[in-house]
Amino acid sequence: LEPAGYDPRVLKAMGLAYAISDRGACHLRATVYKAELSGIIPPEQIEGKAEVLIDFESEDAIKQEVGRKDAEVIVIGPAGERLVKFALIENNYWRSLGRTGPGAVLGSKKIKGIAFYGDIRRQVAKPDTINKMWEELKAIGKDDPGAKKFHDEGTLQ
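So in our numbering the end of the sequence shown lands on 602, straight run, no missing numbers.
To be clear, the hints were calculated from the coordinates, so they are not data collected in a lab. No experiment lies behind these values; they were computed from the predicted model shown. Glycine is no exception: its CB is placed at the ideal position from the N, C-alpha and C atoms. Every clue listed holds true.
Listed next, with one range per pair, are the computed distances between beta-carbon atoms: (1) W539 - A592: 15 to 23 Å; (2) K514 - R567: 17 to 25 Å; (3) G543 - D505: 17 to 25 Å; (4) I565 - N537: 15 to 23 Å.
16 Å max Cα-Cα, derived EDC-like pairs, lysine to aspartate or glutamate: (5) K555 - E526; (6) K514 - E502; (7) K514 - D564.
Using the sequences and the hints, build the whole thing.
If you want it as structure tokens, here you go:
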């Protein structure tokens with residue numbers, strides 16, 4: 446969600462299952478809301494399964510419903526639905542956004558997942574400046590002892 450197009454009032458008190466935008470820039474005001482996704486995976490199908498499998502199936506179900514293979518999907522699992530304070534947001538099966546409980550935030554809004562797709566590229570006002578900053582940040586991270594430790598030993602899960 447880009448800051449210029451994100452309006453939190455849109456999500457407040459809405460019982461969404463997932464949201465789809467075909468505008469490339471993902472303005473939620475121009476989003477199609479589909480609350481019936483929750484019926485795609487019946488609860489009895491997921492009962493007793495590992496939560497990671499539930500996340501995979503949710504992501505697949507949203508992609509299938511959207512009908513676009515190029516869609517990127519973020520989903521929450523049972524922890525997010527139960528508002529666990531450290532619930533993650535998952536995407537691309539093995540990528541996670543966590544630490545501060547963003548899955549619980551989506552769960553509080555009754556959002557199971559969001560699908561993003563489109564081919565509109567945002568124009569950057571000063572691409573040379575951005576590229577220079579990016580190279581500087583990469584150099585800092587490459588030489589940072591903490592980053593090296595994460596690379597060599599991984600992170601706590």
